[in-house]
Each structure stands twice: as structure tokens, then as C-alpha cells.
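Novice: Here the protein sequences come in this chain order: E and X. Positions in the first sequence are counted from 1; adding 13 to them yields this note's numbering. Positions in the second sequence are counted from 1; adding 3 to them yields this note's numbering.
Zero decoy hints are in this set.
Below, a list of computed lysine to aspartate or glutamate pairs in the EDC-like style, where the Cα atoms sit at most 20 angstroms apart: (1) LYS266(X) <-> ASP131(E); (2) LYS129(X) <-> GLU212(X); (3) LYS228(E) <-> GLU244(E); (4) LYS130(E) <-> GLU140(E); (5) LYS266(X) <-> ASP133(E); (6) LYS267(E) <-> ASP239(E); (7) LYS129(X) <-> ASP86(E); (8) LYS129(X) <-> GLU29(E); (9) LYS174(E) <-> GLU80(E).
Sample of chain X residues at the chain E side, in silico, Cβ under 7 angstroms: (10) LEU206; (11) ASP213; (12) PRO263.
Computed list of chain E residues with no C-beta within reach of chain X, every gap over 10 angstroms: (13) ARG22; (14) SER156; (15) ASN198.
Derived by calculation from the structure, the hints in this document are not laboratory data. Idealized CB from N, CA, C, for every residue including glycine.
Read off the chains here:
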Amino acid sequence: MHGRIDIRRLAFGYTERDCIFSDINILLEPGQVFCLLGPNGSGKSTLLKCIMQLLIPAAGSVRIDGEALSGLDANDIAGKLGFVPQTLVSAFPFTVAEIVVMGRASQIRMTASPAKKDRDMAMASLEKMGIVHLAHRPCNQLSGGEWQQVLIARALTHSPKVLLLDEPTSHLDIGNQIKILEIVNSLAKDGITIIMASHFPDHAFLTAHQVGILKNGRLLALGNPDDTLCEDVLFDTYGIHIRVLKVEEDINRKICIPVLHPHTRTLVKEVS
Amino acid sequence: MVIFSLGCGRVDISFVQTLKILLSSVFPLTPDWSATTWSVIMDVRLPRIMAGMMVGGALSISGAAFQGVFQNPLVSPHILGVAAGAGFGAALAILLFDNIWLIHLTSFVFGLASVAMAYTLSRVYKMTPVLMLVLSGIVVGSLFSALTSFLKYIADPMNKMPAIVFWLLGSLNHVSFKDILITAPVFIVCISVLLLVRWRINLLAMGDEDARTLGVNTEALKLLIIVSATIATASAVCISGIIGWIGIMIPHIGRLLVGPDHKYLLPVSMVIGAAYLVTVDTIARTALATEIPIGILTAIFGAPVFAFLLRKTQKAG
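Pulled out of the complex, with its shape left as it was, chain X reads as follows (with noise of 0.2 angstroms):
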């Protein structure tokens, strides 16, 4: 998929030659192709499909933890409003600066500060109920989202409006080797982190306290679930704007293949994940002459075959 992907675009490229340029990275080989060739396999298309798999495999991997946790499978990883408060924080960037890399920033610190307040919100007599947490992200989730609407209400409309929009829209377009290199290793840690407990999850969807009565300290795993899959997800978002429906359909489908238990989920649901995206962002920048903001496509996607999965459950209860 990776290399078919890689061979697709506005400049035609042979298969074989995409092949060759890859392996030409790790064996020497004689070049037959010109530099720009060259630099449009390696420079454009091979960081935005590395950034799709980090993206797809994170958002998938953390909507299965959350769906998990919150003992919902209409959860997505942006229930506690990592989204709203990334876009905010993007947005505001975008407003102030024009920096690619403050609007990173920004983004993400933004996205997990509106985690950290829902969390905070929602934490009663040194607990944090599911309900909870799901409401404090709500209210979350809509301030920054009025804020959000306020800054591009304010905002200049011919040229920073427009890039507020598109921003928010989601896109792998602006994704380079140094943003994969930075997120890298955050995407491994916090996905290793998810991997290594999974089974745990398991335990946290019983509920709370069912998981008290088998031992489980369920505050502390909680926070470290909802920790890693947030950054994970803030990262995701950071470079790559709001791609939405993701991280609730991929787990599904994932449930489908190897049913309910976390310990096989997780997994299959990065994998599935990564490998979604990388195709959805091939046909985003492919389809059509100019490119398709892929948070579109994916919802498009998205939309009708969680219908069809909604239908099929609902027949097979």
C-alpha cells in the first residue's frame, strides 16, 4: 500500500522506479531517474505517507483505548476535546504568527491543556467518573470551539481566514521530515504505553468499579491511559489538523476482525488505522486536480460505513 501510494500523484512515476529509488536509500544502486524524481518520492510523498501511518495508526489506536475507558464504543479520541482545543490553538497561531512550527505548537499545547481542564473538571471526591469526564468535555470541547469561531470571526478574511478554514479541515499537506522526526518518537512512546496495558483496558471497560473489586488501581491506570492516548492524539492533530471519524469507525472494524478483547484490538486497530489514512490521503491528493482536505474524505467515508456497521450490529443483537 505504502509503495503503491508512493507511486501515485500528479507526476507520473513508474512503479518500478519508485521501487527503485526506495531501495536505492539502503542498496546502492545506479540512478536512472533525475533529482527531481528523486526528491518527489523521497522530500513530498514519502514523509506525508510516513505522517499518514503515525496519524492513523495513533488516532485509531487511542480511539480504541477510549472507547475502552469511557465503556462506549461511540467514543472518539477527541471526546475530552483534544480537537477543539488543538484547532484553538492553531487558529491562534495562525492569527498571530505565521510560523509553521508555532502553529504546531500551539495546537498541540492547546490540545492537551483542554484535556487537562476537562480532566480537572470533572474530578469529584478524588474520583473521576466516566460521565463525568465525558461531560466536562463536552463543555470543554464547546468553549474552544466558540473560541475558535470568534478568532475566525475576527480574523482577516482574505488571507487568514481562509488558512484558519483549511487548517481545520485537516491535511497532510504541510507534514515535512523534520515535524516526523519530532513526532516520531512521541507517536512510539505513547503507543508503546497503550500497547503495553492493553490487556488492562479490558478491565477498565467493566466500569469502574468492577475493576476495583479485581484489584485494578482504576484512577491511576485511567489517567495513564487517557494521558498517552491525548498526547498521542494531540501530536496527531498538531501536524495534520482534524481528521475526524477515524478514531471511531477504525476500532470498530477492528472489532469485527478479532472481537472485543483490547489485548488483539489495539493492535489491529493501529494497523488498520495507519493503512486507512495512507489510502484516503493517496485518493485526497489524487482525485481531483487541486487536493481534497482529507478530514472531508474521511468523514465522507466514514459516515456511510459506520451506518452500514451500526446496521449490521444492530441485526446481529
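Pulled out of the complex, with its shape left as it was, chain E reads as follows (with noise of 0.2 angstroms):
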């Protein structure tokens, strides 16, 4: 099994002076989901970029089975990391099959096409993600789920070791979101480690074998969700009071409930 990932004193600033985060430190073994939190802002997507080296560290390093990702090239990197992004516009309405089968572009030569091998995996791809029938569907013409169901395919065909996904259920709806993270689990179970940003604790709890909070450039809390996610840690990340259950019986695990301000209650009611 491939795929242990050993992040060390990663650090990014865009200039010299200024530094998002740094200090960063996460191990990963195959398998295991990792779930980064943080309030807007805070620099999770920077992170994720530092991470697939799209953008370049200032110091520490990103090392996948023992090798350092640091010099290797676009190429290499993909056969190791997928990256699923947060949001993606086309400029062209390609169809489904199109952007799948994009894909497979570090596994084809410079000048080539892709060949129908190609082709059957990014199909594969999309049968793994329940959506053969989309293929020839402009990608215009997506919801919101459908369409990261699509880049989760298309990083699929690569076949990466690892997985960057960057708030996959941010725009969804609930039921998108458990359909995204039920993949996410899925994925995992067949050996791919991954690395997910996230708005919501709860996403912890229902994937993630490591959380991680990251704040005023620290990665705090970093530990098991269930011991991690306490209701101080959280009052100091979103500067809200939040309260975790452990629901008992068939579902056991815990959740987070949210607590409002008295004042905001009464107001809410009035209004209603």
C-alpha cells in the first residue's frame, strides 16, 4: 500500500515579510482522511496549493512514500497527488467525457491525443462516480454536485495516491454533501489518502481520521476528530459557541450543534 504522506515546516508567504501559515506538520498514512478546518480566510486553499506545489513553499517540505515533491515536475507530481478544486469555470462547454478524459494528460505524450485506453478510463472513472450518464452532457449544464462529481472522476484517472480536495461540499445541498463525503469515504477505504478542506466540524466526524485547525497561520488541534473537536477549540476557531453531542444507538458519533445568542433567538422568533 502507497500513499503515506509526511508534510514538514511547510511554510508560504506571498512575500518575504508576510506568511500565511507555517510551521505546518501533518502525517498521513494510506488511507486515512484528513480534515482541515479553519474560519474563512484563514489560508486552507493556500495550503492545498502549497501542497501539489502549485505554489512554491518558502521553507519546509512535502515528501509522498519518501520522495520530496519539491523539483519534481507537473508531471510527476500528477502521478502521485489529484487535486480536485474548489470551484472551476470553462470558458467552453465541454462535454463530460471531455473534461474526464483531461484527466489522463500526464500519462499522454506531448503530441498525442488520447487514445481509447484513455478513454475507457476516464469511462471507468465515471461509472466509479455513478455518472456514465452525463458523458456526453455539456459541462455547463451541471449542478453543483454533478459537477464535483465530475472532478472527483477526472482526478480519479490519473490514479493518485493522494487526493486534494478543496471544500468539495461547499454550493451543495445536504444531500450532495453526504453523497461527496460517502465518496470521500469510499475512496479511502480503497487505499487513497486525502486531504479535505472543510466549512463544517460535522465533516469531520463523518470522514476524517486526523482534523487539523488552521489559524492565524498555526495548525492547531491536530489529533483524532473525536478528541480534538472539544467545544473550547471550536469557540476559538469560529468565535462562536458550539456544542458536541455524542449521539448514541445505531448512528454513534458525535455532532456539532451550534448555540445561539439569546438576543438573535428572540429576534428570529419575533420576525417569524
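Taking the hints as your guide, dock the two standalone chains into a single complex.
Specialist: In C-alpha cells:
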């Protein structure tokens, strides 16, 4: 089994002086899910881009199965890591099949076009996501949930060992959110290591083996979700009171319940 | 289309005779035509039509490639200032010398120089963001347009200035066989490069960052495509002057026919562009007693077609 990712002392800043984050350490075994939480603008996306080497880290290293990513060319990185962007807008109405086969780029020669083998792999990826019926749909006619599945399918076509997902559930309704989280869980079962940025602490309870909170340029509270996500930590992160309850019986996990300020609550009642 | 166009013109030559003259270069046919007729077909019309095909094909395929790289279907191959630079080069050469060769050469050189300037200007942190490229292209383009206007202003209004204006309007009038022999290999090389990497343009069309996550060396690929498309465009501009609209319009027609996949879009655009320019040029030289500059016609036909396409895509979306 491969896909052990070891991030050590990673730091990044757009200029020398200001620093978005520093001293980030994450170690994941193959098939583990890491949930990256943090308030808006804390640098979650920037951290994922740094891991992917889209942004060049100011310091520190990212190693996959012992091999450092710095210095590898884009082609080799794509062979190890898959990246699912938060939003992607296509200027042209490519079909889903055309988009998904783009994931094969790193395995296709510079001067070649996708062969039948590549198109078959793209179809297999669509099948895995359960969206074969979308293959010939133009990509500008997809719902948010379908688009997210298409982008995951595309990332899977280059058989990455580690998958980075940047807020895959933002803009999705609760049904689609859970659908994507189930996909994340099943990919992890297949042995893919996953780092997922999310806005919902609940998603950590639903998927993650490890959780980290990025705030003020540091990774706080690194550990397993049950021990790490307590009410004090969540208050420090988001500045609101969040109760964390354990629901027994067949659900058997913790859930987060935001507690509204008494004044806001009465106001809401009066309006309704 | 080509043969039909050969048969059209101020000198009336029958269709059958045209065909015979063409075939006579391959098969030993007994000539039943005058030497003038032969010369009209082979020396005047044929080079012109070949130039039309090359220029139309090159502008269209470059347009399709540029639209992909810039992730914007409204981009033309002149976006980085090729036309403005080449126009200035030609105006300068017309003013200083009066040699058709030097005019072609200087316009080619200045066309490339203006794109090189735009590209250098847009480079920040070893990257060339698309927005910076477009803005630099506009800056360089307006600089050269202003310089061209200045040359027009100081040029002798009796004969140099009209020559500059006519050149800028675009025409396949002064293309000779020699021009074709020199530019054809350039067109072939540039177009082949574009055709070879055409599928990868799809990746760039998704945005630089996204293409990099898929394993594409975006800077190298972008440079290769911009260089090839620019050289092809500059070669087209230097023999034909500035022919607008083709590079924007033809890729759109191509997309209506085969969809947005650049694997099919590039070759299809090239073929349609070649056929379209030969058609328009035939109209340009036959419709009126004096020839109409082709740049005017492509714009007159292009604008309404483009407006119609825009309306249509709006409804579909």
C-alpha cells in the first residue's frame, strides 16, 4: 500500500515578510482522511495549493512515500497527487467525457491525443462516480453536485495516491454533501489518502481519521476528531458557541450544534 | 471552390479551359489556349488563391489556438499586437523604401517584435498570467497603432499615404509565387506544431492552475503555442495586410460544427478559414470593376455573421 504523505515544517507567504502559515506538520498513512478546518481566509486553499506545489512553499517539505515533491515536474506530481478544485469555470462547453479524459494528460505524450485506453479509463472513472449517464452532457449544464463528481472522476483518471479536495461540499445541498462525503470515505477504503478542506466541523466526524484547524498561520488541535474537536477549540476557531454532543444508538458519533446568542434567537422568533 | 475561383475574374475564361490549364501542368495536354490565358490562371490567380488558402487557414487556426489559450472565445489572433506591430513595420518600410520585399520583411519582424514585447511585459514571478498577457497586448498594440498614425500623418499625402492605407486595409493583390515559396514552409511548420499539440489546448482552456494540477507544464506549452500561432499570423499579415474578423469568426463556426474539443476544432477551423478567405477574395476581385480591399469585405460579412452567432448562442445558453 502506498500513499503515505509526510508534510514537515511547511511555510508559505506571497512576499518574504508576510506569512500565510508556517510550521505545518501533517503525517498520514495510506487510506487515511485528513479534514482541514479553519475560518474563512485562514489559508486552507493556499495550504492545499502548496502541498500540490502550485504555490512554491517558502520552507519545509512534502514527501510522498519518502520522495520529496519539490523539484519534480508537474507531470510526476500529477502521477502522485490529484487535486479537486473548489470552483472551476470552463470557458468552453466541453462535454463531461472530454473533461474527465483531461485527467489523463500526465500519461499522454506531448503530441498525442487520448487513445481508446484513456477514454476507457475516463469511462471507468465516471462509472465509479455513478455518473456515466452524464458523459455527453456539456459541462455548463451540470448541477453543483454533478460538477463536483465530474472533477473527482477526472482526478481519479491519473490514479493518484493522495487526493486533495478543496471544500468539495461548498455550494451543495445536504443530500449532495453527504453523497460527496460517502465518496470520500469509499475512496479512502480503496487506499487513497485524502486531505479535504471543509467549512463544517461535522464533516470531520463523518469522515476524518485526523483533523487540523488552521488559524492565524498555525495548525492547531491536530489529532483525531473525537478528542480534538471540543467546545473550547471550536469557540477559539469560529468565535461562536458550538455544543458537541455524542449521539448514541445506531448513529454512534459526535455532532456539532451551534448555540445561538439569546438576543438573536428572540429576534428570529419575532420575525417568524 | 478553388477551381471555381480560378475561373472567375475580369478576364473571362471558361471553367473547362481552367481545368485543362491546371491539369496541363501534370498531364501532357495539347494547349488550345493563348499564352495570356495561361498566364492569368497560373501567374495571377493561382498564387493569389494559394495565398488566400494559406492566410485564411493560418489566421483561423491561430485564432482557435489563441481562444483556447486565453480561455476566451472572443479573442482574435491579433490580441497580442501582431497586427499593430506588422502594420507599423509595413508603414515604416513604405515610407523609407519602396520595395515590396522589404515591406513584407519589416512587417513580419515588427509583428513578432510587438508580441515579444507584450510577452516580456506580462511576465511576473516567472509566470505569464492570461490577464497580464491580454493587457500587455493592448498596451503594445495601441503604442504601435499610434506610431502608425504618426507615420501616416507625416507621409507624403499624394502617394505614400494611400499606399500605407491600402496596405492596412488588407489585400491579396500583390502576392507572387515567390512570396508563397518563402512563406509556405513557415506556415507548414507553425500549423503542424499547432496541430500536434492541439489536444493539449483543451487543458490550457481550463485555466493555467487547473492544467498544472493535471500535470501540464503550462508555461512551456503556452509559449510554444503563442510562438507558433504568432509566427503563422505574422506571416499571414506580412503578405496580405491586416485581414480582420476571420480569426475570431471561423473558430466559432467550427465550434458550431464539431463542438469545443480542440482536437477537432483546429483542423476544421483551418479548412473552413481557407475556403472562406478564397471565397471572399473571389468576391473582392470580381464584384466591382476595381478591386475591394479584402479586409473591408471580411469585416462587412464577418460582423453580421458574428452578431447572429452571438444571438444564437445566447438563446441556446
